[in-house]
Amino acid sequence: MNLSIRSELQLFAEELHQHLTPSFLEKLARELAFVQRKRKFSGRDLAIICVWISQRVASDSLVRLCSQLHAVTGTLMSPEGLNKRFNKKAVCFLKHIFSILLKNKICETSVIPSSSITYFQQIRILDATIFQVPKHLASVYPGSGGCAQTAGIKIQLEYDLHSGQFLNFQVEPGKNNDKTFGTECLATLRPGDLCIRDLGYYSLEDLDQMDQRGVYYISRLKLNNMVYIKNEFPEYFRNGTVKKQSQYIK
Numbered sequence: 025m026n027l028s029i030r031s032e033l034q035l036f037a038e039e040l041h042q043h044l045t046p047s048f049l050e051k052l053a054r055e056l057a058f059v060q061r062k063r064k065f066s067g068r069d070l071a072i073i074c075v076w077i078s079q080r081v082a083s084d085s086l087v088r089l090c091s092q093l094h095a096v097t098g099t100l101m102s103p104e105g106l107n108k109r110f111n112k113k114a115v116c117f118l119k120h121i122f123s124i125l126l127k128n129k130i131c132e133t134s135v136i137p138s139s140s141i142t143y144f145q146q147i148r149i150l151d152a153t154i155f156q157v158p159k160h161l162a163s164v165y166p167g168s169g170g171c172a173q174t175a176g177i178k179i180q181l182e183y184d185l186h187s188g189q190f191l192n193f194q195v196e197p198g199k200n201n202d203k204t205f206g207t208e209c210l211a212t213l214r215p216g217d218l219c220i221r222d223l224g225y226y227s228l229e230d231l232d233q234m235d236q237r238g239v240y241y242i243s244r245l246k247l248n249n250m251v252y253i254k255n256e257f258p259e260y261f262r263n264g265t266v267k268k269q270s271q272y273i274k
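Counting from 1 along the sequence shown, just add 24 to a position and that's the residue number in the numbering used here.
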């Protein structure tokens, strides 16, 4: 792991440690059914092993992870037992931890007036990021081709500014089009939502669908698109026919 990534993960770990207490982690683990009864491996232990003591949890051996956990917390686990704890509920638990931290940071820096936020049911922000992966993964995650990217992974994420919850999340090949994922997200829209997207998701058909569903949106326009407003006072010919060029105003 290079130093820049290591330093970023260290900052992330410090933020988690500051905002999330052991008692809160235990309560969250029970609410999400990651822990259903008192066990020697707790929600706090999962956070410790995945965030604070190991930043290579995906590549370190189970034996090494068990040794690190025991050295830091005193919790004794067998490699087989630890392997069973890495399940869908553990993923959900870690996802909620990240969501809570993201929400806290947004609330600290947000300058949007609360009266403006409450006008909308959800403020849905959709964006994507892409990064290169080793070339041997090109058959599974083909890259976009730009800058010799033969293999790449794209992460699509839509979250609600109100609740801080992730609404839509997808890991896909780097060559995939953003617009396709944006269209797939239409099915989850509700009347009164506000959608904020960049030009990568731009589609007149999608914007029309949002309008029909009672959804608000903020989007830039492509250079070859124009916006027209219906003229309430068009011009007429002497025979009473409306002059077509006066029906709409640019």
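Keep in mind that the hints were calculated from the coordinates and are not lab data. One or more of the hints may lead you astray.
Straight-line Cα separation of at most 30 angstroms, DSS-like style, residue types lysine-lysine; simulated pairs [unchecked claim]: (1) K119 x K108; (2) K267 x K254; (3) K199 x K268; (4) K159 x K127; (5) K199 x K119; (6) K246 x K199; (7) K64 x K119; (8) K108 x K64; (9) K51 x K64; (10) K254 x K199; (11) K254 x K119; (12) K268 x K246; (13) K254 x K203; (14) K246 x K274; (15) K112 x K199; (16) K112 x K64; (17) K268 x K254; (18) K203 x K268; (19) K127 x K51.
Going down the list of hints, with the structure as the test:
no. : hint        : result
1   : K119 x K108 : 18 angstroms, holds
2   : K267 x K254 : 13 angstroms, holds
3   : K199 x K268 : 43 angstroms, violated
4   : K159 x K127 : 35 angstroms, violated
5   : K199 x K119 : 26 angstroms, holds
6   : K246 x K199 : 21 angstroms, holds
7   : K64 x K119  : 22 angstroms, holds
8   : K108 x K64  : 14 angstroms, holds
9   : K51 x K64   : 15 angstroms, holds
10  : K254 x K199 : 39 angstroms, violated
11  : K254 x K119 : 46 angstroms, violated
12  : K268 x K246 : 25 angstroms, holds
13  : K254 x K203 : 28 angstroms, holds
14  : K246 x K274 : 15 angstroms, holds
15  : K112 x K199 : 28 angstroms, holds
16  : K112 x K64  : 19 angstroms, holds
17  : K268 x K254 : 11 angstroms, holds
18  : K203 x K268 : 34 angstroms, violated
19  : K127 x K51  : 18 angstroms, holds
Hint check: violations occur at hints 3, 4, 10, 11, 18; the rest are consistent with the structure.
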